[in-house]
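Guided by the hints, dock chain E onto chain R, whose structure is given.
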Amino acid sequence: MNTMNNSRRNFIKTAGTLAIGSTLPISLVELAFAEGSQNFTFAYISDAHIQHIKDNRFVRNWDRGLIRAVAETNLLTPKPDFVMFGGDLAQLGSKPELDHGAQILSALHGNVHYVMGEHDYYLDLGEYWEKLFGPQYYSFGHKGVHFVVLNSIKTYDDWTFKRWPTAEQRMQEMAILDNPNGSPFMVGEEQRLWLKNDLDKVNKDTPVVVFSHSPLQKIYKGWNFWTDDADQVQALLKPFKKVSVIYGHVHQIQYNQIGNISFNSVMATAWPWPYPQSYAQAEQYLPKLTVPMNRADPFFDRDATGWQFINLANGNADLNFTLYNNTSRVVRYNEKQKRPEDVVYQDEKARIVPQTHY
Amino acid sequence: MRYVLLPTLVLIALFIFYKEANTNPLPEPATANPQSVTEENNLLGLPPVPIPANNPQTPAKIELGNKLFHDKRFSVDGTVSCAKCHNESHAFTDGLPVAVGHHGLTGTRNAPTVLNAAFNQTQFWDGREPDLEGQSKQPPVNPVEGGLANHEPILEITRTDPYYQTAFQSVFGVNGKELTIDHVSKAIASFERTLVSGNSAFDRYYFKGQTNAMTAAQVRGFQLFIGQGRCVSCHTIEQDHALFSDSRFHNIGIGINQIQQDIPRLTKAFLEAKNKGGEVDVMVLTDKKSSELGRFAVTNELSQIGAFKTPTLRNVELTAPYMHDGSLKTLKEVMVHYNNGGVSKADEQVNDFLSGGIRPLNLTDPQLDDLVAFMKALTSSKYAVPTPTQAAN
Chain R
1 MNTMNNSRRN FIKTAGTLAI GSTLPISLVE LAFAEGSQNF TFAYISDAHI
51 QHIKDNRFVR NWDRGLIRAV AETNLLTPKP DFVMFGGDLA QLGSKPELDH
101 GAQILSALHG NVHYVMGEHD YYLDLGEYWE KLFGPQYYSF GHKGVHFVVL
151 NSIKTYDDWT FKRWPTAEQR MQEMAILDNP NGSPFMVGEE QRLWLKNDLD
201 KVNKDTPVVV FSHSPLQKIY KGWNFWTDDA DQVQALLKPF KKVSVIYGHV
251 HQIQYNQIGN ISFNSVMATA WPWPYPQSYA QAEQYLPKLT VPMNRADPFF
301 DRDATGWQFI NLANGNADLN FTLYNNTSRV VRYNEKQKRP EDVVYQDEKA
351 RIVPQTHY
Chain E
359 MRYVLLPTLV LIALFIFYKE ANTNPLPEPA TANPQSVTEE NNLLGLPPVP
409 IPANNPQTPA KIELGNKLFH DKRFSVDGTV SCAKCHNESH AFTDGLPVAV
459 GHHGLTGTRN APTVLNAAFN QTQFWDGREP DLEGQSKQPP VNPVEGGLAN
509 HEPILEITRT DPYYQTAFQS VFGVNGKELT IDHVSKAIAS FERTLVSGNS
559 AFDRYYFKGQ TNAMTAAQVR GFQLFIGQGR CVSCHTIEQD HALFSDSRFH
609 NIGIGINQIQ QDIPRLTKAF LEAKNKGGEV DVMVLTDKKS SELGRFAVTN
659 ELSQIGAFKT PTLRNVELTA PYMHDGSLKT LKEVMVHYNN GGVSKADEQV
709 NDFLSGGIRP LNLTDPQLDD LVAFMKALTS SKYAVPTPTQ AAN
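Protein chains in written order, with this note's numbering: chain R, 1 to 358; chain E, 359 to 751.
Chain R with its partners taken away, still in its complex shape (with noise of 0.2 angstroms):
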């Protein structure tokens, strides 16, 4: 009788606990703004790459998977502020799968601001993208941090408007992995030039945060995890102190420290990448790979993707993953090694050993 009322009670508490830390992420952390009341959270979809098949059929998977993201963002407690989307809403750019993309994230509660995937691009070079969803790239203030919205995935003049008899193949070649005819994705001197101008009126103790879809860093340039004119862009980012670049594109997630700089990346809705075999085009920015992502399920459709929420509470992003058939898992900034690590994994001891069979 003791002992079961016990067990009970330790029960409630255990999960009580639960609770808040699953829905409520903000309460577990210190706070570093003077105000509580600037505190918040903003939830972050990405990489949905809603394909058409033909007439009003689209690929149910990329479908369910956009679907289930924005279901469950839209319970998140506390409400958060705003929702990012990421980019590559569509796979090849077209009217059919940017319409049906907006129509399944129109069912978001709340401010949606939205970044230029490489798929969404190369079609029409962003033409009815902007229509729906506004300009490229943008900038916008909330509650005491600077946002910032680029368009990374551009690339050479000389291959956007020189190389491709139609559009179609423009977008196709953009499309393939490891591609000897791809270029390099860059965010460009124009942009540069905005950003710069855009962020002398910043004050220089105000958080920073870069939203863009390709890494502003230079990871594996076959699959364009790259940007050819990162350095560049992380020179003007160099005077803030507190600076979060986030990015989609790569399907995993990654994490990084480059100076003043955080880098972390998103989950897509629609499927894993592995960590691509790194060759030295570059010097390698990452750590080493300490995690490594297991092969995922090929019957779970949804095993190793999700989507996250990011608590801005103390001015740097810490990024809590919602992961289908695998376990949560939370990118926070350590204050002391000044770098975003993993909470969990960043001790060698409780790393997963990664699958060696199939």
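All the pointers check out, no bait thrown in.
With beta-carbon atoms standing in for the labels, derived distance ranges:
#1 R:D81 to E:E630: 19 to 29 angstroms
#2 R:V343 to E:Q618: 26 to 36 angstroms
#3 R:D81 to E:Q707: 24 to 34 angstroms
Cut-off 27 angstroms, straight-line C-alpha distance, at most; resulting in silico cross-link-like pairs (DSS-like, lysine-lysine):
#4 R:K79 to E:K634
#5 R:K79 to E:K632
#6 R:K54 to E:K703
#7 E:K626 to R:K79
In short, the hints are calculated from the structure, not lab data.
Every residue, glycine too, gets a C-beta built ideally from N, C-alpha and C.
Showing chain E alone in chain R's frame:
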């Protein structure tokens, strides 16, 4: 009835023996044999039964558990024993959509079979208890099952009933206040660990190579089960045994499809109630809509909304109606639900939280029939009901 009678006789015999031997040291319990009542052949296709180190099997403990399992006094109106909903004549289920407790009150979930529950990695449809020992403590004190306020009435009976006094003393060496609900649940768990049963037509076909053990339709159904039907992804089959469950939780569109509009309100209200001390089993068994939150109610994870545990398929022919809410009457209806990609009726809307992997299967009607035929190859010989043809022979 004979089933109940035999252990009772054993208990009486034990009791008499104990009385006579009272002045002598207690006899050593016989060495553990978890399958003392089952022939070895009955275990074909099963892995070894996991026995926790702190609750070894002994014949006396198993018999005590059997007695406790059938004791109706452990409920507020004296009508609800474990066996009420886990009735051997229904393959340890009750044949009803949802369990019926004291005074005819109904819960929200289908009583799962106890057969092979010993292999479950978690207990209950939402896995809220890790083991059989934890499982049996909940129903007697659930408001729509046993209806007791706490475990005290059970302990009063077990501490004063002469059978139980003797048996608990003999099995655990405890009496009076030393006797706790943990002893009761351990004995019940030991009994339940004997309710394991393999040796189906499938086992003889697959593990013994008896190619004629299954009918042609069943063989076709098996091929669909591991192929186009994708059933085996969750209802797993290993190289040397098959439990037909991955012990994971999936949203397959049962129950949750009907309450989609309520999910934002329900999840919020549920977490608030839970934080204020609400007990999960009470909340999910007394409110139909909260019940549909599934595994989320236990873990609070958004990704587990509407997800329920993969049940074993062994003896599934005998355990209708189906699914966690008993909403599907026949195995054919179950196949149609999966074939539709997670909706029971073609015009129903699938829920946003559907597990990956649940998708339209494009199986034909004869293929669905083959799958149903294969389900009937999973019935243990021990529990098989002879078909009219077989009976005539």
